[in-house]
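Enquirer: If you read the sequences in order, they're chains A and B. Quick note on the working numbering: the first sequence kicks off at 1 and runs consecutively. Quick note on the working numbering: the second sequence kicks off at 1001 and runs consecutively.
What the hints contain is simulated information worked out from the structure, not anything from laboratory work. Possibly wrong hints are sitting among the right ones.
Unchecked claim - So, partial list: chain A residues that the calculated Cβ filter (under 10 Å) puts toward chain B:
#1 T5
#2 Y9
#3 M54
#4 W177
#5 P178
#6 V193
#7 V205
#8 F273
#9 Q408
#10 R410
#11 Y411
#12 V412
#13 R427
As the list claims (entries may be wrong) - Listed next, with one range per pair, are the computed distances between beta-carbon atoms:
#14 F1184/B / R423/A: 32 to 38 Å
#15 A87/A / F1146/B: 45 to 51 Å
#16 K303/A / E1301/B: 32 to 38 Å
#17 P1300/B / Q26/A: 58 to 64 Å
Computed from a predicted structure; not experimentally measured. We put the beta carbon where it would ideally sit given N, CA and C, even for glycine.
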Amino acid sequence: MNRRTTLLYAAMAAVLLSVALLQSWQLALTIVNLCLISAVMALGVNVQWGVAGMFNVGTMGSAAIGGLAVVLVSAPPVRAAWAAGGAGLLASAAILVLTAGVALAFWRWFGSRPLLRGGAVAAVLFSGFLLAQQWFLPATAAIEAVDAASAGYLGGLGLPVALSWLIGGVFAGLLAWPVGRLTAGLRSDYLAVATFGISEIVLAVVRNEEWLARGVKNVTGLPRPVPYESDLQSADGVQTLALWLGLPLRDLASILVKLAYTAWFLAVLGIIFWLLERLGRAPWGRMMRAIRDNEEAARAMGKDVARRHLQAFVLGSAIVGIGGAMLVTLDGQFTAGAYQPLRYTFLIWVMVIIGGAGNHRGAVYGAFLIWFVWVQAETAGLWLASAATALLAPGNPLRAAFEQSPAQLRYVVMGLILVFVMRFAPRGLIPEATPEHQK
Amino acid sequence: MTDLLNGLIHLTSMLVLPGLAYGSQLAFGALGVTLIFGVLRFSNFAHAEGMSLGTAVCILLTLWLQGKGIALGPLPTALIGMCLAVPVMALVFIGTDRALYQHFRRINARPEVFMIVSAGVMLIMNGAIRLIVGPDGREFEDGERFIVTAGGFRAWSGLAEPLVLKTSQAMTIGLALAVGFALFLFLNRTRSGRSMRAYADNRNLALLSGVDPDRIVRLTWVLVAVLSVTGGVLFGLDKGYRPFVYQQLLLPMFAAAVVGGLGSPLGAIAGSMIVAFSELALTFAWKKALGYLLPAAWAPEGLMQFLSTDYKFAISFLILVVVLLVRPAGLFGKPVK
């Protein structure tokens, strides 16, 4: 840690502390928790961009599939739904797997005749898909009809929620693998477009397949890795603590719950950070930097660039998936409608770029800074709006715009930050200091 | 015989005409994407937002024109607004280039850096749109809405199935033909167009031959402004303007450009049509058409819909995947590593 890093982190801590003292401890802890989650996601993006130099525009998809894992792992199972449509679903899944197998076999057989091959594979896939629909549609309709107001989906496995974070990471990694494989060795533009596409598809599935996670009807009341406020309020120890601190019992309980979340997230962030730092010092990290800085030279040294890129891409996506799972756990609900590319992809990018790409300390710092600005920009926007009202004439269209939508300014601010950092300080606030030339 | 005619009319009205219109709108976007890629060498993630911003500017100008009592009779006033919005957007694009992209061209930045910067431009434009027109939709079409109405066609032909042709659809197809033709004339016949292609093909050689790079860049952005404003306004007229619906065009536009081969204008048009018709055909409920066209005994029971319309863009992605697997250079593109 050099002086600059220490100073920046200290300043951030002071700002958060002042929020706690001036506004409230609950607000400060809420911000900190989201900062920690953002930091995990930023580390994922930093592995891809900072370490490997890949442009991934599908962070939202990884976050969403990580969130989906929380539902699938930890929500209580809905046995009635399994009884109603489980068999049909499995049948259609079997047909799809069989179709894929037949298609693959045809692909191999007709290798010498491309037209016949394309036609045969397309015909197999098409008819297999239509056939699977015959079981799939009635099965999902039956599942969605089971207690539609509160369930109407298959539910999860009822396992501990912290386990789902790991599974979320695995899911995101598994999703990333084919995308990375497909675009490995091609121009970086293709990776960008493909990741953009896959994240939109994940979103469409999550929104429309109600049997999976209730679609836009949201899954609420997901289990938590921390105690509930009401249980804490009735605990003896908490009551004495409240008396001793002179805080209202309700506030103390909510602060304690938030602190427990903070501890969980801090632990996860710490582990990921430590692992990434070790990886960075290991030969793997040195090789990744070599590939990023001079691909041709690395290739000449016999490094398999496409394969290494694939590794970094899968690893980064998995980390983002863990972050997405933690976010859903913190919210206690899975809201499919809340996933937007601006919030889940480009905001994370701004965090990595401003923090200092390639430097994990920088990425974490960027996450804290940008999330704080993002949250407080609404307040600042309101303030700006009132200033505009005072300065501009009543008929001015700009004034009307400010009054209508102070929060909209956030996007402009984020875009400006991204562009300015890229233009004038491309190395970010905490520039990368590689182990090879330590200052 | 009437069954056959009914079936064909149904397909024309519900599939062919909307497909041609949607394909033309996509082509305007994909041509812009492919031009920027070919000449400036990066994938512009702000392109959809640029189209939306151009449309927003056109809407403001149209409202102003309507307030002055200017109208085009049966045609929408937005056509004049569109012509006025083009120079505005050209200035916006050239300004953005001067402020940002020029610097990165000068330091020879990696393509990913350009993409990140374009994502930043996207965020700024997105916010600007929210400030200019607000996040809600706007109706700005006036004049005659339909050229052929359902009732009118039924009365004229005596068939059960109606044929519908919206003014916006006819305008889209007509303008696409005209603009496409003009673009090819420009690229192939004029000196500027040729130097632009030379610059795209081999930058160093073009510079050696005395091509002025700044002029080429400016010219490209002007062309992009024409294409994106026209495409955006036509899409808005056809589907109703909602500022953020354009984001959903980004993937089909990129898919179309990649299918055709990034950097190839002809490919962008072909790719747009492929993407548009695959999207519509795979999400189309074929039941009625097959009922008319097939013998009664074979008439299908289900909707015969391959995918629900919610997964429209999954099709663009699928096409993209197939192209990347089979022919990464696209239909008309030169192989790239």
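Enquirer: Does each hint hold? Answer for all of them.
Expert: Status of each hint after checking the structure:
1. T5: Constraint on T5/A not satisfied, violated at 23 Å.
2. Y9: violated, 25 Å
3. M54: holds, 7 Å
4. W177: At 14 Å from the nearest chain B Cβ, W177/A fails the 10 Å test, so the hint is violated.
5. P178: Holds: closest Cβ of chain B sits about 9 Å from P178/A, inside 10 Å.
6. V193: With a minimum Cβ separation of about 5 Å from chain B (threshold 10 Å), the hint on V193/A holds.
7. V205: Holds. Min distance 8 Å.
8. F273: Since chain B brings no Cβ nearer than about 23 Å to F273/A, farther than 10 Å, the hint is violated.
9. Q408: holds, 4 Å
10. R410: At 7 Å from the nearest chain B Cβ, R410/A passes the 10 Å test, so the hint holds.
11. Y411: holds, 3 Å
12. V412: holds, 3 Å
13. R427: violated, 12 Å
14. F1184/B / R423/A: 32 to 38 Å: Given a distance of about 36 Å, which is inside 32 to 38 Å, the answer is holds.
15. A87/A / F1146/B: 45 to 51 Å: holds, 50 Å
16. K303/A / E1301/B: 32 to 38 Å: Violated, at about 57 Å.
17. P1300/B / Q26/A: 58 to 64 Å: Hint holds: Cβ distance 59 Å, inside 58 to 64 Å.
Violated hints, listed in ascending order, are 1, 2, 4, 8, 13 and 16; each of the other numbered hints is respected by the structure.
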